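Engineer: Go by the hints and put chain R onto chain X.
Here is how the chains run, residue by residue.
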Amino acid sequence: MENVIELRELTKTYGTRRGLTGLTLDVVRGEVFGFLGPNGAGKSTTIRLLLDLIRPTAGSATVLGLDPRGEGVELRRRVGYLAGDFVCDGRQNVRSYLRFLAALRGGVPEARIDDLADRLGLDQTAKIKKLSKGNRQKVGLVQAFMHTPEVLILDEPTSGLDPLVQQTFLDMVAEAAAGGQTVFMSSHIMSEVEAVAHRVGIIRDGRLVALDTVANLRTGTVRDVEVTFETSVPATAFADLPGASRLSLDETGTTLSGQVAGSPDALIKALSRYTVTSLRATEPALEELFHSYYEGAEAAPRTESARIA
Amino acid sequence: MSAAVFAKTLSDSRRSLIGWAVGTALVGMVYASTYPSQRQNTESIPEALRESLHVDGTAAGYLQATVFGVIVPLLAMIYGVAMGSRAIASDEESGQLDLLLAHPITRTRFALQRFGALVAGAFGIAALVWLAVLAVRSSAELTSVTPVELLAQCLNLALLAITFGALALGIGAAVGRRAVVLVVSAIAGVLAYTASTFATQIGADWLAYLSPFHYYIGGEPLKNGFQWGDGAVLVIASAVFVVAGVVRFNNRDVNS
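Chains X and R, in that order, are what the protein sequence lines are. In this text, residue positions in the first sequence follow the working numbering: the first is -16, and each later residue adds one. In this text, residue positions in the second sequence follow the working numbering: the first is 581, and each later residue adds one.
What you were told as hints is all true, and nothing was included just to trick you.
To give a feel for the contact side, a few chain X residues facing chain R, derived at Cβ under 7 Å:
| id | residue |
| --- | --- |
| 1 | L34 |
| 2 | L36 |
| 3 | I37 |
| 4 | V56 |
| 5 | R59 |
| 6 | R60 |
| 7 | Y64 |
| 8 | A66 |
| 9 | V70 |
| 10 | C71 |
| 11 | D72 |
| 12 | F83 |
| 13 | A86 |
| 14 | L87 |
Calculated from the structure, these hints are not laboratory results. None of the values given here were measured: they were computed from a predicted structure. Each residue gets a CB set at the ideal place from its N, CA and C atoms; glycine is no exception.
Excised from the complex, chain X in its bound form (with noise of 0.2 Å):
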């Protein structure tokens, strides 16, 4: 499979603040990789280097086989990007403003154009400082998917949108991904890249924590269980179960609740002893993962100086 982008132990320090550390990272053709962490972790930063907006301290990056230093003006030509703080300039109207994004790129059908606005129910003809929050990140959007670029690189793409154009916008990129379109997209949400992403990474203080298939993720994953049974059952008869060890029986012997991490086979076979009279699991959340990942994550990346301090 080809890389659609390459990352090589790519750093970024600010004077004394760690950006990025040594991240390595490929992203293949046609594939929606998911780039999560908390705010400050590193996101961001990875993306601006990718546009060439921000240069590498150490260790190199490229998309499409491109050098953002050397070959920018082609590899922007073929990537459409959102930025995580979308800002546009409010002067004027939403239309005349996508028209002059689309000159910049020599011009993009001007039906694609109304095309993702109606989609996203972005009224083109609003003075873009008169916009919410939610309907600016749209202008951003539809800039960013307009000239249908090979490669979307979206900051956050989600953030301020309602549940229903979220929604749209999953279908985008999902119909984008089928098209074959490569999707790069970052959140510090994990139920919004599930959805969509094959892929997920997270990042952490500018590093690498996790790489793998949302359904790799998935079965290293937790999942509430609660049973309940005809009449009682031993004490000890889930005691040994494999993942189980978050499982407990109640008084009467009666009702089994708790959380399996993992496969859920041993559990459905020990319970195939007894007379079950009701079953509840819940779909495995990638959440609770993703939170274990965070636990002792600053807000920000610690700097050289406080941490010797």
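Structural biologist: Just chain R, lined up with the frame of chain X:
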């Protein structure tokens, strides 16, 4: 790649540009039209005193000391600094630069198109000032100054605005902070004016040669017509400011 940034910059600033140009031209016109009454005042001063005060009672001397000596070049310089600071530093501080530079355009091209818009605006202002003074030329008894000599002074006016615009744009490109641009440009403006005006008085004639103001009016275009050498100095200074700023711009991070 088109001239989209150039066109957009001009169209975005059209209201303020037109307002500024009309205002500058009106100020110039009003000042110029008071020449007849001012001449009577100067004529009432005894010849010897007039000479010792360096009061030049001719139309060219009057225009040089008032219209083109203080207020109009000041307005033109302010225009240059305002446009120059907006070109990069303002957009960078507001975060808009991120979006624009994420498009298929090099930073150099972006800066040059912004500079191009500034240059076009400066010529627009100068042209309007020229027309405004021409309009009152005969009624204000300024016919001893030819339209070409007026044009020569207005060309230098445009170049002065461009020089300060280039300075502001260059600093903005280099550091990306509007406050720095405005402070440095204001200091440069005051120093330029002072050096050009008072160099002789403080006995340091060479100081004047460091001032863009000297190249703007020192050659007295209202009496001598086009001063190509002076104009070239202003053009070269502008180029140096822009190139230095753009080189630094290309090598630094865009602030987020």
